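Q: These two chains come separately, so use the hints to put the complex back together.
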Amino acid sequence: MEQVLTYVGYIFVVIGAIFLFLGGLGIVRLPDIYCRLQAGTKASTLGAMSLILGVGFLQPQWMIKALIIIVFIALSNPLSSHALARGSYRHKIRPWTKEDIDAYAQYIKEQGENEAAEEDKQQEKQES
Amino acid sequence: MQSKSLASKPVRFLYSWIVFFIVWLAFTSTLALPEVITGAVVALILAAFSYETFTGWGFKGIKLSNLWWSFVYVINFLWLMVKANFNVARIVVTPSLPINPGIVEFETKLTNEYAKMVLANSITLTPGTFTVDVVDNRYYIHWLDVTVTDPEEVYKEIAEPFERILLKIFN
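Chains D and Y, in that order, give the protein sequences.
Each number in our numbering corresponds to the 1-based position in the first sequence with 13 added.
Each number in our numbering corresponds to the 1-based position in the second sequence with 693 added.
Excised from the complex, chain Y in its bound form (with noise of 0.2 Å):
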């Protein structure tokens, strides 16, 4: 929020009406004007209570660079969810439960909120280890095998594949 100015009031609600439209759309799977109808309508509702949570850029935030940076996040965070799943299985069915927990702490270099969401979700949905609480720029990991408790190396070994490409969308 720091790095870019928020979009005008208008703008972020026409983005929020245009985005739970084109769900409503691609959910229904029909162009029938009674459901198009209907999708208009409760996608006006909905975003006359939720554009000032849901956007802070408006349009603004849509370019090529953050498209393409996006593709590259989720790819990357399907890979790494994939292989901590595998990883936790692999806890699980040995017998003798070789597990370490403990909550951790690290510092997040990104100063944007959504961001913060953004990063805070990826580390809870990557199996291992989860968000207990984000105090401003701190992050609370609860972690399954604590390998590491210093914050720098925990900000290593956790938070820094998902942030070196959030870094590159937000800022």
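Only chain D is shown next, with the shape it has when bound in the complex (with noise of 0.2 Å):
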């Protein structure tokens, strides 16, 4: 029984290993820093995950903690790469683009045009 969990947990790291080479592969070889944050921090979760959960089938005694840490890795990794990602676009950081698909940069424009229109106000109302 105990040799079947030691190789179900190496089973486990070796996956998470492979998907962790390849989310860092896909760092160097995609085009901009939207496709790098999909290969550099999904392909990492599913390799840390994998990597954790294999730790937890060697070391039993750990396994609930490993899987609280799934858990806050699940929880928290998509923050993460959802800041990173609204933050660039914020810092006027275009995506790139094949075919110019950009349903974002419609939105940030009216929101300028907003934001100006508000200040001008502002400025009015100060002046006066």
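There may be inaccurate statements among the hints.
[To be verified] Below, computed lysine to any residue pairings styled on SDA-like, alpha-carbon distance capped at 20 Å:
#1 Y:K776 <-> D:V27
#2 Y:K849 <-> D:I114
#3 D:K78 <-> Y:W717
#4 Y:K753 <-> Y:S763
#5 D:K138 <-> D:E126
[Stated by the list, open to error] Derived list of chain Y stretches under chain D, where covered just means 3 residues or more per stretch with a C-beta under 8 Å from a C-beta of chain D:
#6 708-721
#7 789-803
#8 824-833
#9 837-849
The hints are simulated quantities; they were obtained by calculation from the structure and are not laboratory data.
Predicted, not measured: the structure shown is a model, and the values here were computed from it.
Heads up, the beta-carbon is just placed ideally off N, CA and C, and yes, glycines get one too.
A: Here is the structure:
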């Protein structure tokens, strides 16, 4: 039984390592920050989860901790990648596209116009 | 939040405290008295700071049907995540790099703030797509390999497998 757990653990660790490697490869190969976020934060999420689960199988007394850490990764990782992407876009880093598909640009433009209009109004108020 | 009313503040506080305390017990995996007391105090402090955002419904959210659908959701989500991971791995190792990135939008039918957060995080965690921004009920999604741009079809492609189950849990 213990030996089976050990083998299962090693299999998970190896799968995790492969996905972490592919995540790294994606960061090198993909063209811009948004695509790199895809590879760097997501392939590595599954990689890290699988690796930690493997460790849990190798050391059964750590299993509960391993599962809790996996849940924490699943909860925190999307938040950080979302924040990075949104922050980059707000700093006017345009996504690399082949067919110019960018629905968010329209929204940013409208919002920018609204903000500019409000600033103008406030300036007028201050002047008067 | 619209479909069910908020629980009262003490109930939400108690709920948060219990959840934090259970997580502490699971994490330390011991019932030694000093550990348990420390956990109770830490959970109390955490709950005092975060109960207002941590839970809206309190104990009313715990129902057998909710637990069942949450379980279905997690299994469904894990399956989609593994599938999507293989998809991105395939793209990365293909020499010609077959990608067509872009930012698309769609509108969600969800009204609950927690449900929207879960949907946004699920979309982010499945590789190939991530949420750039959520404005009211419009989602802006960066997609590594865009196949459709029409919001209706994007919705069907990306959000429907998650939303079908989320609607059952939160409404």
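Q: Determine for every hint whether it applies to the structure shown.
A: Checked hints:
| no. | hint | result |
| --- | --- | --- |
| 1 | Y:K776 <-> D:V27 | 18 Å, holds |
| 2 | Y:K849 <-> D:I114 | 18 Å, holds |
| 3 | D:K78 <-> Y:W717 | 10 Å, holds |
| 4 | Y:K753 <-> Y:S763 | 15 Å, holds |
| 5 | D:K138 <-> D:E126 | 18 Å, holds |
| 6 | 708-721 | holds (count 3) |
| 7 | 789-803 | holds (count 8) |
| 8 | 824-833 | holds (count 6) |
| 9 | 837-849 | holds (count 3) |
Figure legend: structure checked against the earlier numbered hints; every hint is met.
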